[in-house]
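Asker: Going by this note's numbering, the first residue of the sequence shown is number 1, and it counts up by one from there.
Quick caveat, the hints were computed from the structure, so don't treat them as lab data.
Values in this document were obtained by computation on a predicted structure and should not be read as measured data.
Built from N, CA and C at the ideal position, the CB exists for glycine as well.
Check each hint, because a few of them may be wrong.
Taking lysine-lysine and the DSSO-like style, the derived pairs with C-alpha atoms no more than 27 Å apart in a straight line are [as the list claims (entries may be wrong)]:
{"hint": "1", "residue 1": "172", "residue 2": "150"}
{"hint": "2", "residue 1": "82", "residue 2": "107"}
{"hint": "3", "residue 1": "108", "residue 2": "132"}
{"hint": "4", "residue 1": "108", "residue 2": "150"}
Pair ranges (Cβ atoms, derived) [as the list claims (entries may be wrong)]:
{"hint": "5", "residue 1": "140", "residue 2": "25", "range": "21 to 29 Å"}
{"hint": "6", "residue 1": "61", "residue 2": "11", "range": "30 to 38 Å"}
{"hint": "7", "residue 1": "168", "residue 2": "11", "range": "34 to 42 Å"}
{"hint": "8", "residue 1": "2", "residue 2": "149", "range": "23 to 31 Å"}
{"hint": "9", "residue 1": "36", "residue 2": "67", "range": "15 to 23 Å"}
{"hint": "10", "residue 1": "79", "residue 2": "177", "range": "24 to 32 Å"}
{"hint": "11", "residue 1": "81", "residue 2": "150", "range": "32 to 40 Å"}
{"hint": "12", "residue 1": "140", "residue 2": "63", "range": "16 to 24 Å"}
{"hint": "13", "residue 1": "85", "residue 2": "137", "range": "32 to 40 Å"}
{"hint": "14", "residue 1": "3", "residue 2": "44", "range": "33 to 41 Å"}
{"hint": "15", "residue 1": "178", "residue 2": "28", "range": "25 to 33 Å"}
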Amino acid sequence: MTTLARVLIVDDVLQPAEIIYILNGEVNTRPFHAAKLFKQGLAPQIVIPREEDGPASEIKLYPNGTDVSVEVLVKLGVPRDKITVIEIEGGVTSTHDEAQVLLDDVKKHDIQDVIIVTSAFHTRRSRWIIQKILTDTNVHIQMSAAPQWKFDETNWWREERGLLMLANEYLKFGYYLVIY
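Throw the hints in and build the complete structure from the sequences for me.
Answerer: Okay, here's the thing in structure tokens:
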């Protein structure tokens, strides 16, 4: 059972980079992990693309996930001026969108080295689509797996959340292989 999860996980030995790029989602794990990497001095800037607003966010009943991630980073001691939120029309809705925003950002700012922070089970698909989109650049991508909250690759099947996340990731990876 652990092999099913471990196949999805890419967790590079990190070297200093120019930015830490957080993929949206999992506000209980990803920004916490990014703040830890920032405090270790692995990059001087954290970048996150703004995700799409849902109806509850649009009427200010529920915060946008990107805003929650930024607040987590600030509460954990990351200076606000070291956090860049990239705004695009409509916001990002997928890892593919986030990879496209990253491509535009690295070209605009001549960035050569990026640490990608995402959930552990999301790292392989994320790396695949990011490398595919950045294929014509010389950008060095490093993947950093944020530990899951309440489960990991050794016990994912014991938590409904873990089972759903793993199944979802395999479905999405298959979809990405067909569509992109």
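Asker: All the hints need checking, so say for each whether the structure fits it.
Answerer: Hint by hint, here is what the structure shows:
1. Annotation: proposed proximity of residue 172 to residue 150 holds, straight-line Cα distance about 22 Å (limit 27 Å).
2. Pair hint residue 82 plus residue 107 holds up; C-alpha atoms about 19 Å apart against a cutoff of 27 Å.
3. Taking the CA atoms of residue 108 and residue 132, the gap is about 19 Å. The hint holds against a cut of 27 Å.
4. Of the supplied pair hints, the one linking residue 108 and residue 150 is violated, its CA atoms being roughly 38 Å apart against a limit of 27 Å.
5. Checked against the given bound of 21 to 29 Å, the beta carbons of residue 140 and residue 25, roughly 24 Å apart, stay inside it.
6. The beta-carbon spacing between residue 61 and residue 11, approximately 36 Å, falls within the hinted interval of 30 to 38 Å.
7. The hinted range of 34 to 42 Å is not satisfied by residue 168 and residue 11, whose Cβ atoms lie roughly 20 Å apart.
8. For residue 2 and residue 149, the Cβ-Cβ distance of about 18 Å falls outside the hinted range of 23 to 31 Å, so the restraint is violated.
9. Separation of residue 36 from residue 67 is about 20 Å and conforms to the stated range, judged on CB atoms against 15 to 23 Å.
10. Our hint of 24 to 32 Å for residue 79 and residue 177 is violated, since their Cβ atoms are close to 40 Å apart.
11. For the pair residue 81 and residue 150, the beta carbons lie near 33 Å from each other, so the given range of 32 to 40 Å is met.
12. Distance hint check: the CB atoms of residue 140 and residue 63 are about 33 Å apart, inconsistent with the given range 16 to 24 Å.
13. Separation of residue 85 from residue 137 is about 22 Å and departs from the stated range, judged on CB atoms against 32 to 40 Å.
14. Checking the proposed 33 to 41 Å range against residue 3 and residue 44 shows it holds: the Cβ atoms sit about 37 Å from each other.
15. The beta-carbon spacing between residue 178 and residue 28, approximately 31 Å, falls within the hinted interval of 25 to 33 Å.
Checked against the numbered hints given earlier, the structure breaks hints 4, 7, 8, 10, 12, 13 and satisfies all the rest.
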